[in-house]
Structures are given as C-alpha cells and as structure tokens.
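Protein chains in written order, with my numbering: chain A, 1 to 874; chain B, 1 to 111.
Please keep in mind that the hints were generated in silico from the structure rather than gathered at the bench. One or more of the hints may lead you astray.
Unchecked claim - Ranges between beta-carbon positions, derived for each pair: (1) B/G64 / A/L98: 30 to 36 angstroms; (2) A/K84 / B/G65: 35 to 41 angstroms; (3) B/G7 / A/G452: 44 to 50 angstroms; (4) A/L871 / B/Q86: 47 to 53 angstroms; (5) A/N66 / B/T81: 55 to 61 angstroms; (6) A/I56 / B/I90: 54 to 60 angstroms; (7) A/S17 / B/K108: 54 to 60 angstroms; (8) A/L857 / B/V94: 54 to 60 angstroms; (9) A/W18 / B/G64: 21 to 27 angstroms; (10) B/G64 / A/A41: 58 to 64 angstroms.
What the hints assert, rightly or not - Straight line, CA to CA, 27 angstroms or less: simulated DSS-like cross-link-like pairs of lysine-lysine: (11) A/K84 / B/K56; (12) A/K84 / B/K79; (13) B/K55 / B/K40; (14) B/K55 / A/K80; (15) A/K187 / A/K260; (16) A/K25 / B/K56; (17) B/K40 / A/K21; (18) B/K55 / A/K25; (19) B/K55 / A/K45; (20) A/K398 / A/K84; (21) B/K56 / A/K45; (22) B/K40 / A/K7; (23) A/K65 / B/K56; (24) A/K25 / B/K40; (25) B/K79 / A/K14; (26) B/K79 / A/K21; (27) A/K21 / B/K69; (28) A/K65 / B/K79; (29) B/K108 / A/K21; (30) A/K7 / B/K69; (31) A/K398 / A/K872; (32) A/K10 / B/K69; (33) A/K65 / B/K108; (34) B/K108 / A/K25; (35) B/K56 / A/K80; (36) A/K404 / A/K488; (37) A/K858 / A/K872; (38) B/K55 / A/K21; (39) B/K55 / A/K48; (40) A/K48 / B/K79.
Glycine included, each C-beta is placed from N, C-alpha and C at the ideal position.
For reference, the chains in residue letters:
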Amino acid sequence: MKDVKTKPPKWPLKLLSWFCKPYYKETVEGDLIEIYERQVAAHVKYVKLRFLWNVIRFFRIRYIKNLEDIRPKTSYGMFKNYFKVSLRSMRKNSTYTLLNILGLSIGIASCLLLISHISHQLSFDKYVQDGHRIYRLVNDRGSTNYSPFTPTPAVQQMLLEFPEIESGTRIYGLYDVVLKMDNQFIKQNDILSADSTFFDIFPTKFLNGKVEYALNSPNSIVLTQSVADQLFEDQNPMGKTVVYDEDAYQVTAVVADQPKNSTIPYRAIFSFPHDKWLTDGNWSGNNVYSYLKLKAGADPERLREKFLEFTEKHLSEELIAFMSEYDSWSDFLAAGNHRSFEIVPLMDIHLNHQRLTLNNPGNRNNTLTFSIIAAFILLIACINYINMSTAKSSLRLKEVGLRKVLGSVRKHLVQQFLLESVLITLVSVLLGVILAILVLPYFNIMTDADYGWRNIINLNMLGWVVAFVIVVGLVAGSYPALYLSSFKPIDSLRKEAVKGRSSRLRTVLVIFQFTVSVFLITATFIVFHQVQHVSSRDLGMNADQIFVVRNDDRLGNNYQAFVNDLMSSVHIEQLGALSHYPSGRIYDWSYLTMGENAVTLNPDNIFADSSALQTLGLQLVAGSFFQGMATDSTAVVVNESFARKAGWTEPVGQLLNRGRSTRFRVIGVVKDFILRNGQYNTREVIFRYASSNPEYFARYIHIRTSSDFVEALSVIETAWNKYVPGYPFEGFFLDESFDRLYAEERRFGHVFTSFSGLAIIIASIGLFSLAAFSLERRTKEIAIRKVLGATARRIMYHLVFGFLKLILVGAILAFPAIYYLGNEWLNGFDYRIVIDAPMIVLPILLLGAISISIIGLKTYKAAMDNPVNALKAE
Amino acid sequence: MERVQLGEFEETVLLITAILHEEAYGVNVMDEIASQLGRKVNISAVHTALDRLEKKGFLSSYVGGAQAKRGGRRKRFFKVTNLGIQAIEINRQVRNNLYAQIPAVSLKLGQ
Numbered sequence: 001m002k003d004v005k006t007k008p009p010k011w012p013l014k015l016l017s018w019f020c021k022p023y024y025k026e027t028v029e030g031d032l033i034e035i036y037e038r039q040v041a042a043h044v045k046y047v048k049l050r051f052l053w054n055v056i057r058f059f060r061i062r063y064i065k066n067l068e069d070i071r072p073k074t075s076y077g078m079f080k081n082y083f084k085v086s087l088r089s090m091r092k093n094s095t096y097t098l099l100n101i102l103g104l105s106i107g108i109a110s111c112l113l114l115i116s117h118i119s120h121q122l123s124f125d126k127y128v129q130d131g132h133r134i135y136r137l138v139n140d141r142g143s144t145n146y147s148p149f150t151p152t153p154a155v156q157q158m159l160l161e162f163p164e165i166e167s168g169t170r171i172y173g174l175y176d177v178v179l180k181m182d183n184q185f186i187k188q189n190d191i192l193s194a195d196s197t198f199f200d201i202f203p204t205k206f207l208n209g210k211v212e213y214a215l216n217s218p219n220s221i222v223l224t225q226s227v228a229d230q231l232f233e234d235q236n237p238m239g240k241t242v243v244y245d246e247d248a249y250q251v252t253a254v255v256a257d258q259p260k261n262s263t264i265p266y267r268a269i270f271s272f273p274h275d276k277w278l279t280d281g282n283w284s285g286n287n288v289y290s291y292l293k294l295k296a297g298a299d300p301e302r303l304r305e306k307f308l309e310f311t312e313k314h315l316s317e318e319l320i321a322f323m324s325e326y327d328s329w330s331d332f333l334a335a336g337n338h339r340s341f342e343i344v345p346l347m348d349i350h351l352n353h354q355r356l357t358l359n360n361p362g363n364r365n366n367t368l369t370f371s372i373i374a375a376f377i378l379l380i381a382c383i384n385y386i387n388m389s390t391a392k393s394s395l396r397l398k399e400v401g402l403r404k405v406l407g408s409v410r411k412h413l414v415q416q417f418l419l420e421s422v423l424i425t426l427v428s429v430l431l432g433v434i435l436a437i438l439v440l441p442y443f444n445i446m447t448d449a450d451y452g453w454r455n456i457i458n459l460n461m462l463g464w465v466v467a468f469v470i471v472v473g474l475v476a477g478s479y480p481a482l483y484l485s486s487f488k489p490i491d492s493l494r495k496e497a498v499k500g501r502s503s504r505l506r507t508v509l510v511i512f513q514f515t516v517s518v519f520l521i522t523a524t525f526i527v528f529h530q531v532q533h534v535s536s537r538d539l540g541m542n543a544d545q546i547f548v549v550r551n552d553d554r555l556g557n558n559y560q561a562f563v564n565d566l567m568s569s570v571h572i573e574q575l576g577a578l579s580h581y582p583s584g585r586i587y588d589w590s591y592l593t594m595g596e597n598a599v600t601l602n603p604d605n606i607f608a609d610s611s612a613l614q615t616l617g618l619q620l621v622a623g624s625f626f627q628g629m630a631t632d633s634t635a636v637v638v639n640e641s642f643a644r645k646a647g648w649t650e651p652v653g654q655l656l657n658r659g660r661s662t663r664f665r666v667i668g669v670v671k672d673f674i675l676r677n678g679q680y681n682t683r684e685v686i687f688r689y690a691s692s693n694p695e696y697f698a699r700y701i702h703i704r705t706s707s708d709f710v711e712a713l714s715v716i717e718t719a720w721n722k723y724v725p726g727y728p729f730e731g732f733f734l735d736e737s738f739d740r741l742y743a744e745e746r747r748f749g750h751v752f753t754s755f756s757g758l759a760i761i762i763a764s765i766g767l768f769s770l771a772a773f774s775l776e777r778r779t780k781e782i783a784i785r786k787v788l789g790a791t792a793r794r795i796m797y798h799l800v801f802g803f804l805k806l807i808l809v810g811a812i813l814a815f816p817a818i819y820y821l822g823n824e825w826l827n828g829f830d831y832r833i834v835i836d837a838p839m840i841v842l843p844i845l846l847l848g849a850i851s852i853s854i855i856g857l858k859t860y861k862a863a864m865d866n867p868v869n870a871l872k873a874e
Numbered sequence: 001m002e003r004v005q006l007g008e009f010e011e012t013v014l015l016i017t018a019i020l021h022e023e024a025y026g027v028n029v030m031d032e033i034a035s036q037l038g039r040k041v042n043i044s045a046v047h048t049a050l051d052r053l054e055k056k057g058f059l060s061s062y063v064g065g066a067q068a069k070r071g072g073r074r075k076r077f078f079k080v081t082n083l084g085i086q087a088i089e090i091n092r093q094v095r096n097n098l099y100a101q102i103p104a105v106s107l108k109l110g111q
C-alpha cells in the first residue's frame, strides 16, 4: 500500500525524459524522486503538484535537448566540426581568405546593382492588370520601326468589327502645359489627353472621385496626387477649376502617382475634347496613340489576320485619293507598297520599341549587355575562389588524409568543402549587400536613376541572394571539394603532395580569366571611343549659341514686333522660325515622287521661314532656300538623304505631291545634318515654307546669339515680357538639347566602363593572390636557382614570362569574339568607328602591364631575398 | 591577484560541496544549504550551479552505484577539484584582505 503511494506520478517523468538531455536525465530523476519520497513520508500537501513543478523548473537551456540529442544518428555533430575546421583554416590563411571574400563581395555587389537595374528595365508595365492582353495599335508600313501615331477612328471601328477586342482607348501626349490659377502661371510636364475608356485599360487607384465620371465629359482633368498637392496644397481639389489656353477645366478625380516603370508616366490627364474629328475623324491622318485590350483567351494572331482586309475596307479609299499615282488599292499593293495595322504587346514596348514608349526608352541590347557583364563578374569571382582553393589544397591534404583514415567517406569530405564554400559565399553576400547599398548613390548618378535600398533588399532580390549563395557556393566549391576528396589517404599523408592535375585546370581557368579580361578591356575601349565619337560628331549645322524660344505662338500678332526688337540688339546675330527644332521630336509626313516608279517617302517634315538656313548654319549644296516669295508656299527644300532615297540625280526642279491637287517643287538641297541621335540612320528631311502664318507653323524661334549669351538672354526675356506679359518665358540652348540626346549612350558607356573595370579589378585580385601563393610555394626553388647562379633579373624574367604567355593565349582567344561582337554592336550606329589594330593591341598591352606590375611586385621581393632565408626555414 | 569568476550562489554551492566532501550530490547540497544558511532553493537551481561549476573546472563529478531508493536512479556525486580549492582560497584571501583594511571606526555599530 505504502509502496504504491510513494511511486511518483508517471507523466511528469515522461515530460522530463521528453525534454531533458539524456546525459543529465538519470541523476536529475533520482534527485526529484528522492525529494518526492521524502515529502510523501512527511505528509506534505500537494506532493504531486510539487513534483511536477520541480520537473518544470528543469526546463532550462542547459538541460533541454539540442539537435544532436534529438537525432543522434545524423551528422549534425560532424557539421559542427566542419564548421570549426573551416573557420580555423580561414584564420590560418587570413590574407587569402580576405582577398577571396573581398573579390566575391565586390562581384556580388556589382551583380546586385546590375540586377536591380536590369530588373527595373524588365519590370516596365508588368504591374498593369491583365497587361498581357493589352496591345498598342500601330500602322504597319512594312517596317518594324513603327511610328507611334494611328488614325483617329481606328479603335472605335475595330471595337465594332472585331469580337476579340474587349476595349480600346486613345491617348495623346505627353506634353508640357502652362496652367493658369489665380492669375499665376504654373508649368506642368507629362500631361496626357485620353478617352474616357482610359482607366478601363490602365486602371489605377482613385484617391478622390469615381472612374465613371473621371473623363467622360469635355473639359475635365484628372490629377495625380503630386500635382494635386502642388496646385491645391491642403484644399480639396475636387470640382476646382484650372485654366489652360483660356479654357477652364474641372478637376474630376485625383489618382495615385504613376509608378516609374510605366510607359505612360502621366502626371495629369485631360479628357479628349469631344470634337467631331476625334470621334469620326479621317483615316489618312495619324493623330492619336491607340491601345487595345483583347478578351481573355483571344488569339492576337487571328486579329492580325483581319487587319489587311480592315485596311482595305476603311482606309484604302482615302489613301488612294491622297496619292494621285495609284488608281486603285490593288495598284497600290501591286507597286510593292504595304499598309495595314499591327498590334504590339504592351510588355514589349519599353525594351523593343523606342518610338512607342512615352517614358525614357529602354534598350534591349544594353540590358542584355549588362546581364552578360554581371555574369562575367560573378564567373571571374568564382574562378578566383576555385583557383585559390585548389592552390591551397596541398595545405589541406593532410587533413583530408587523416579524415579518411578515421573513417570519412568521400561524401562527407565533399560535404565539408561545400559547407566551407557556402559559408564564405554567405559572408561575401552579406558584405556585398552592404557594399551595394553604400555605392548606390554613385550608381544612381551613373544610371541617372533613383534606386533606393528597397531596390537592393526586397523579396525578389532575396531570391537572387539565396540563389547566389547556393550557386556560387556550390559551383565554386564543387571543384575543390571533388578534387580534394579524391586523394587516396596514403598519397595525401605522404610528404610531397600529388601535383599536376590541379595546376593544369588552374592554368585553364587563369587563361579564361585573361580572355574575359582582354575582352572586357577591349570592349571598354571600343565603347568609350564610340561614345566619344558619336557625341563629337559633326552635326552638319552650327548648334552653338543658338537659343530656342518655345511657345512663340503666344506672340500672336506681336511676332514681327518681337523680331524687330530682338534684331535691333547687338547681342542677337540671326533669327529664324521653325516648326520643330533639331534634336526634338519631329513628325514624318508622306510625300510621293512623280512620274513612273513613284516612290513614297516619309521624311521628317519641318516648316521653316526664309532665315532658318542661315540661322542653323545649314549648307546648301544645290539650288536655293526660301526667299520669302509667294511661290515659296509650294516650294520645298530637301536634304541629300531625301534626294538619294527618291532616286534623283538632279533634285532641283523635281516635283512631289501629297494628294491629287497640290504639287511641290524642289528648289534646293541641303547637306545632311543630324536631327536625332547618331544611333539612327540619317533621316530624310523636307523643309516646307512657314509662310505668312508663323503662329501656326513655326513654334520655335531659333536665335543665334553673340558670344555674350547672358546679355542676349536678358534681351530676349525683356522682349518676351513686353509682348507676352505674365506668360513664362521658356527656352533652351540647342547644343545642350543635342547633348541630352546622347545621354543614353553616355550612361551606357559609364555603366559599362565602371563594371568592366570592376571585373578587371576582381580578376586582378585573383591573379595577385594566386601569384603570391604560388611564389610562396616556390621560395625554395627560387633560392636554389639563386644559389646555382641565377641573377635576380633572370629569375624575374622566368616567373613573369610564365604569366605573360597565359595573357597572350587569352588575348588570342578573346580576339575573334571582340572583333565579331564589337562590329555587331557598332553596326547599330549609323555613325561609327572602325575597330583597328591599336584598339586591339593597346588593351592587351595594358593588361600585360597590370599583370606584370602585380606579379613583378611579388616576384621582385622573392628574387631579391637572400636564399639563405628561404633554405634554412624548415 | 587573480580574479575568480564566481557568482554568489555558485560560491555558496562550491563551499557546500567542499564541506560535504565526497558525499555531495543534488539533494544533499540543497539540504545543506537549507540547514547551514536557512535558504530554500529549488533543486533545479542547485543542479544548474553544480553543472556550471563543473564546466568551469571547479568541480568534477562521477556517477555512484544504483540504489533501491530514488526509483533505482543513480546519484551524481561532485568533488572539488584543485582549481576549485584554489578558487576558494583566492576568494577567501581577497575577502580577508579587504576586511583587514577596514578602519576600526567603521565597524562599531550604532554610534
């Protein structure tokens, strides 16, 4: 009876054995039971509860089981040991470990920056709901360089005829406006005009107002949050009015700011005026951008098939009426012309269709190039790691031998070395992330972007980081792991290590590094030269000191008075009005040559007054420019490219037409000049006369100032304020505008140069540690050579030459690739450099010089050292 | 003078273990603390202190024979090591040294 009572309750003991380490279990149990028995004997109350309490009190870290206790049959304990040994061996070779980690983390930091840039480029429009079903409608004239504008009625008509289309919208923009509020003029940029269906296709968050009423009445304006804040500060903007061009617009909604990765980064939207031309409109004028959203599951190919028929049905009549050369649509097609519609996926616009985006266009090739550089950088960093760990392997051979003798199988050793490399990668990745965030401000300057730390640390990047740790850790670690674990214990324990296999691979990898380095240095040279070449290109005109005044239509009837005022100043040399300015956006109009084999041309169309030629400094090669005579209204001046495309040998006197009635006579030819970025072919240009109606045709007054342009500017501004009081005076210097055209090239050049520079630095770090290490291993050899009579110079020559051979092999391997890819890249430019011998040889010499100085530095010390020091050290 | 890293309770347990000499184990030490100092401590606290002292090298332990009592569980006996003895010595000297320096005036109570 008593026995039963003194038996302690079972389940607290079970609890104890569940959590308590086996090592302590028995004695703790004993003590607990002893206390229990004593308390039972003393008739203490609540003994069982007290017993349980005492058990629970043992729930301390010291007594709780860890991984090893829970799964004693796994190799957890072994991993702990690997970890410890790895740390020890890293500490033992701390210099090399540091160099390794430094190289890897620079590599990873560069990769992270490039990836954040690339993924931003790829992210354009991806946020748009059902974006894969949205297409941009463009005119198909047989070339893939689609122009952005489409006929006004196209969307409406297609919605009626094609069941595949769910909805469509038309927009126009982005343009700058000057809004008037309380007699104050406020400039706003990135303004859009859009149909009421705009938000059906591009839904956005409405902070105020409703989608249904946002754009469906005339004179409505939808503001984004930031514009609303700017214009109305704390007031509620709903229902308030803003004045633009004397018309009052009512704020109908406030929406969230648009993300940066949008190809329609609007800041405010005007509802399209419900004019007749915009709802009915004609088919031959191209005035709007059109977007279509297909129904879910609709096949875009099926839609494309219907376009030709659609074009014939609606467009052909007006088109033929416009071109006197063809009697019918079939004639037009038979002459080799093509005219239809095409749909471009929204997702493709940013990278593939520079003319279709309303944001800064991306560039598929540049993005691809950055990806390749990122991969190269990572590869070079990996090679460094592989080289260093195989080189150091001889130091670890004894450890491997001993482990094998003590029962390690190969799998365990592979695990050990992989764990080690994953560990190093993990540290490098963490450092890399920190490094990337530190240099982010400089990267932003370079790419002209504003990435924040969120672009580096986010879920997407976390995926990349984990991928880095695993891939780099395994790739870089796998060779050393397999190599080291392959030794027979007897070989590895013997004094001299097995040689040969590993050093051959190392040689191959070093050659590969040199190949990549030569490639990158040469590519950098080429990119740098080309960017220089393009931006210092002869424009074919004199853009210096030309100040362009915007909005001269504001002058109205005061135009001539304004001009007279300016011309009376000594600081104004010349003045001409043009409808568009070079380097700006210029629209192409269609013209047809006359006679047999008529050619359709789509030149950039500019209206100019008679002094435009001299003001811009264009060179006349034949005929004359406009003289300000009555006949000028049907006269045109073309550039050389136009004449060439038209197939004229004698351009002056040739006729052109834009419809049945009007004929245009070519009166002069100007030398080709640059209108856009040098990456594009020289465009055909046609000048029409901006006759008596400057306020319609000429919107930009080009003013050549004296060298004292500060004085000139104040003269212009004074005159402007005199005739257009209160309206902001706006303008820019033409050469600066040209400069901006090359911003993208320059940006690409900067990023490319910096990152290939980084790649070369990482390669140099690898080369340095490899050279340092192999010299350390060869100190005895060098000493013996010296003892036997070799001079220091002879030894240096011997050592350096070994590396130079590798550089040469690398250069020979890199040459075809750089020649082919370099030419491929340069072919994208109309105005390009030629890859010549110095451009190939110089980088090789440069790399040679870098390598020699790295190796030489280390070798010199070794060669100059007293051999006794090396030989006595045992 | 060397410093010995010992907590107040640890020092108590170390001294008690030394007093119990070869007979010290969990319950025993707990009882001794209760009877010598009038201080009731939980058995888990005693175990923790003993194990910690062992880790520091001041105690060593061995497992005794099986017994009919205690549900047949064995006892873990603790013994003071040489290092432990040194620690006790050093602590004592430090204290004596400090005590000796107190001016006689300070020790007079209630004046």
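Quick rundown of the hints versus the structure:
1. B/G64 / A/L98: 30 to 36 angstroms: 53 angstroms, violated
2. A/K84 / B/G65: 35 to 41 angstroms: Distance hint for A/K84, B/G65 holds at roughly 37 angstroms.
3. B/G7 / A/G452: 44 to 50 angstroms: Between B/G7 and A/G452, where Cβ atoms are some 49 angstroms apart, the hint holds.
4. A/L871 / B/Q86: 47 to 53 angstroms: 48 angstroms, holds
5. A/N66 / B/T81: 55 to 61 angstroms: Since the Cβ atoms of A/N66 and B/T81 sit about 26 angstroms apart, the hinted range of 55 to 61 angstroms is violated.
6. A/I56 / B/I90: 54 to 60 angstroms: 37 angstroms, violated
7. A/S17 / B/K108: 54 to 60 angstroms: 58 angstroms, holds
8. A/L857 / B/V94: 54 to 60 angstroms: 57 angstroms, holds
9. A/W18 / B/G64: 21 to 27 angstroms: 26 angstroms, holds
10. B/G64 / A/A41: 58 to 64 angstroms: Given a distance of about 22 angstroms, which is not inside 58 to 64 angstroms, the answer is violated.
11. A/K84 / B/K56: 22 angstroms, holds
12. A/K84 / B/K79: 32 angstroms, violated
13. B/K55 / B/K40: 24 angstroms, holds
14. B/K55 / A/K80: 20 angstroms, holds
15. A/K187 / A/K260: Distance ~21 angstroms between A/K187 and A/K260 Cα, so the pair holds.
16. A/K25 / B/K56: 21 angstroms, holds
17. B/K40 / A/K21: 26 angstroms, holds
18. B/K55 / A/K25: 17 angstroms, holds
19. B/K55 / A/K45: Outside the cut-off at roughly 36 angstroms; violated.
20. A/K398 / A/K84: Distance ~17 angstroms between A/K398 and A/K84 Cα, so the pair holds.
21. B/K56 / A/K45: 38 angstroms, violated
22. B/K40 / A/K7: 25 angstroms, holds
23. A/K65 / B/K56: 21 angstroms, holds
24. A/K25 / B/K40: The hint holds at about 23 angstroms.
25. B/K79 / A/K14: 30 angstroms, violated
26. B/K79 / A/K21: 22 angstroms, holds
27. A/K21 / B/K69: Distance of about 23 angstroms is within 27 angstroms: holds.
28. A/K65 / B/K79: The hint holds at about 26 angstroms.
29. B/K108 / A/K21: 52 angstroms, violated
30. A/K7 / B/K69: 11 angstroms, holds
31. A/K398 / A/K872: 23 angstroms, holds
32. A/K10 / B/K69: Status holds; Cα separation ~16 angstroms.
33. A/K65 / B/K108: Distance ~54 angstroms between A/K65 and B/K108 Cα, so the pair is violated.
34. B/K108 / A/K25: 51 angstroms, violated
35. B/K56 / A/K80: 22 angstroms, holds
36. A/K404 / A/K488: 8 angstroms, holds
37. A/K858 / A/K872: Satisfied, since the Cα-Cα distance of roughly 21 angstroms is no more than 27 angstroms.
38. B/K55 / A/K21: Since the Cα atoms of B/K55 and A/K21 sit roughly 16 angstroms apart, the hinted pair holds (cutoff 27 angstroms).
39. B/K55 / A/K48: 32 angstroms, violated
40. A/K48 / B/K79: 32 angstroms, violated
In summary, the numbered hints that this structure violates are 1, 5, 6, 10, 12, 19, 21, 25, 29, 33, 34, 39, 40.
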